[in-house]
Amino acid sequence: EAQVTQNPRYLITVTGKKLTVTCSQNMNHEYMSWYRQDPGLGLRQIYYSMNVEVTDKGDVPEGYKVSRKEKRNFPLILESPSPNQTSLYFCASSLSGRNTGELFFGEGSRLTVL
Amino acid sequence: EDQVTQSPEALRLQEGESSSLNCSYTVSGLRGLFWYRQDPGKGPEFLFTLYSAGEEKEKERLKATLTKKESFLHITAPKPEDSATYLCAVQWRGGKLIFGQGTELSVKP
Chain Z
1 EAQVTQNPRY LITVTGKKLT VTCSQNMNHE YMSWYRQDPG LGLRQIYYSM NVEVTDKGDV
61 PEGYKVSRKE KRNFPLILES PSPNQTSLYF CASSLSGRNT GELFFGEGSR LTVL
Chain R
115 EDQVTQSPEA LRLQEGESSS LNCSYTVSGL RGLFWYRQDP GKGPEFLFTL YSAGEEKEKE
175 RLKATLTKKE SFLHITAPKP EDSATYLCAV QWRGGKLIFG QGTELSVKP
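Chains as they are written, first to last, in the numbering used here: chain Z, 1 to 114; chain R, 115 to 223.
Simulated from the structure, these hints should not be mistaken for laboratory data. C-beta atoms are modelled at their ideal positions from N, C-alpha and C, and glycine is treated no differently. Just so you know, not all the hints are guaranteed correct.
Claimed, not checked - Among the chain Z residues that face chain R by a calculated CB cut under 7 Å, a handful are:
no.: 1; residue: Pro8
no.: 2; residue: Tyr10
no.: 3; residue: Pro39
no.: 4; residue: Leu43
no.: 5; residue: Thr100
no.: 6; residue: Gly101
no.: 7; residue: Glu102
no.: 8; residue: Phe105
no.: 9; residue: Glu107
no.: 10; residue: Gly108
As the list claims (entries may be wrong) - The following residues of chain Z were derived to be distant from chain R, with all beta-carbon distances above 10 Å:
no.: 11; residue: Glu1
no.: 12; residue: Thr15
no.: 13; residue: Lys18
no.: 14; residue: Arg44
no.: 15; residue: Gln45
no.: 16; residue: Pro75
no.: 17; residue: Leu78
no.: 18; residue: Thr112
What the hints assert, rightly or not - Pulled from the structure, derived: some chain Z residues nowhere near chain R, Cβ distances all over 10 Å:
no.: 19; residue: Ser24
no.: 20; residue: Glu30
no.: 21; residue: Thr55
no.: 22; residue: Ser82
no.: 23; residue: Thr86
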C-alpha cells in the first residue's frame with residue numbers, strides 16, 4: 001500500500017529537549033516536504049526536498065532542521081523545541097519536483113511542547 | 115501578495131442539499147490549483163488538479179471548476195460521509211504552493 005509514515009503520531013515534550021519526527025514514503029517519490037498546521041493559519045511549509053541531498057527552506061523554517069540522506073526518508077529535527085512549536089505536523093511527498101501540488105500526506109504528528 | 119481565500123469557513127447542509135465551496139486566489143501566473151479533503155485527525159487527501167480556466171474535473175458527487183480568479187467545488191446531493199474540511203492550494207509559476215484555510219463541511223442526515 002502506498003503510504004507516507006510518520007512517527008511518533010503523538011508526543012509531549014519539554015522545552016529544549018531535542019526531538020526527531022521521522023517520515024518515510026514507499027512510493028519512490030523524489031519530492032518530500034514538511035508542513036505544520038495551526039488553527040487560523042492553515043498549512044505552512046517548513047522545509048522541502050527536491051531529491052536526495054537537496055533541501056531548502058519553506059515559509060517557516062526557524063527552529064527546525066531536516067536531512068535527506070536517502071530517497072525514502074525525510075526526518076524533521078527540532079534541536080531545542082519551544083512552546084510555539086506546539087502544532088500538528090505533516091510530512092508529504094510527490095512523484096517529482098515538477099508536480100509538487102499533488103501531494104501524498106502522512107497521518108500527522110501532534111506535538112506539544114511544555 | 116499572493117493569497118488564497120476559501121469561503122465559507124464552515125458550511126452545514128442537509129443530506130441531498132447541493133452547494134458550492136469557493137477558492138479565490140491572487141497569485142500571478144497560475145501553474146495549478148489543487149483540491150484536498152481532510153478528515154479530522156488525518157492528513158489531507160488529494161482530490162483534483164486544475165490547470166487552466168474552463169477546466170473541470172469530477173469524482174463521484176464532487177465537481178471542481180476553474181476560472182481566471184477562482185475555483186469552485188460543487189457538491190451534488192451530498193451524503194454524511196462527505197463531511198470533512200476541503201482545502202484548496204494554488205501553485206504559481208515560481209513553484210511555491212499556497213494553501214487556503216479550508217471550508218469545514220458538515221452534512222446532516
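Going down the list of hints, with the structure as the test:
Below 7 Å, beta-carbon pairs count as interface contacts, and Pro8/Z has none with chain R, the closest being about 15 Å; its hint is therefore violated. The interface hint given for Tyr10/Z is violated, since its Cβ lies 11 Å from the closest Cβ of chain R, which is over the 7 Å cut-off. Because the beta carbon of Pro39/Z sits about 9 Å from the nearest beta carbon in chain R, more than 7 Å, this interface hint is broken. For the restraint placing Leu43/Z at the interface with chain R, the shortest Cβ-Cβ distance is roughly 4 Å, inside the 7 Å limit, so the hint holds.
Interface restraint check: Thr100/Z against chain R, minimum CB-CB distance 6 Å, threshold 7 Å, status holds. Checking Gly101/Z against chain R by beta carbon gives a least distance of about 4 Å; that is within 7 Å, so the hint holds. Hint on Glu102/Z holds. Least Cβ distance to chain R is approximately 5 Å, under the 7 Å limit. Checking Phe105/Z against chain R by beta carbon gives a least distance of about 3 Å; that is within 7 Å, so the hint holds.
This hint holds: Glu107/Z has a C-beta 5 Å from the nearest C-beta of chain R, less than the 7 Å allowed. At a threshold of 7 Å, the smallest CB-CB gap from Gly108/Z to chain R is about 5 Å, leaving the interface hint in force. Listed as outside the interface, Glu1/Z is consistent with that label: its C-beta sits roughly 14 Å from the nearest C-beta of chain R, beyond the 10 Å cut-off. Every CB of chain R lies more than 10 Å from the CB of Thr15/Z, the least distance being 26 Å, so the non-interface label holds.
For Lys18/Z, the condition that its CB be more than 10 Å from all CB atoms of chain R holds, with the nearest at approximately 25 Å. At roughly 8 Å from the closest C-beta of chain R, the C-beta of Arg44/Z falls inside 10 Å, breaking its exclusion from the interface. The Cβ of Gln45/Z does not lie farther than 10 Å from every Cβ of chain R; its closest approach is about 7 Å, which violates its non-interface assignment. For Pro75/Z, the requirement that its beta carbon stay farther than 10 Å from each beta carbon of chain R is met, with the minimum near 17 Å.
The Cβ of Leu78/Z lies farther than 10 Å from every Cβ of chain R, with a closest approach of about 20 Å, so its non-interface assignment holds. The Cβ of Thr112/Z lies farther than 10 Å from every Cβ of chain R, with a closest approach of about 15 Å, so its non-interface assignment holds. At the 10 Å boundary, the C-beta of Ser24/Z stays outside the reach of chain R, the nearest C-beta of that chain being 14 Å off. With a least CB separation of 14 Å from chain R, Glu30/Z remains clear of the 10 Å interface cut-off, as annotated.
For Thr55/Z, the condition that its CB be more than 10 Å from all CB atoms of chain R holds, with the nearest at approximately 15 Å. Residue placement check: Ser82/Z keeps its beta carbon more than 10 Å from all beta carbons of chain R (closest about 24 Å). For Thr86/Z, the requirement that its beta carbon stay farther than 10 Å from each beta carbon of chain R is met, with the minimum near 17 Å.
Consistency with the previously given hints fails for numbers 1, 2, 3, 14 and 15, ordered from lowest to highest.
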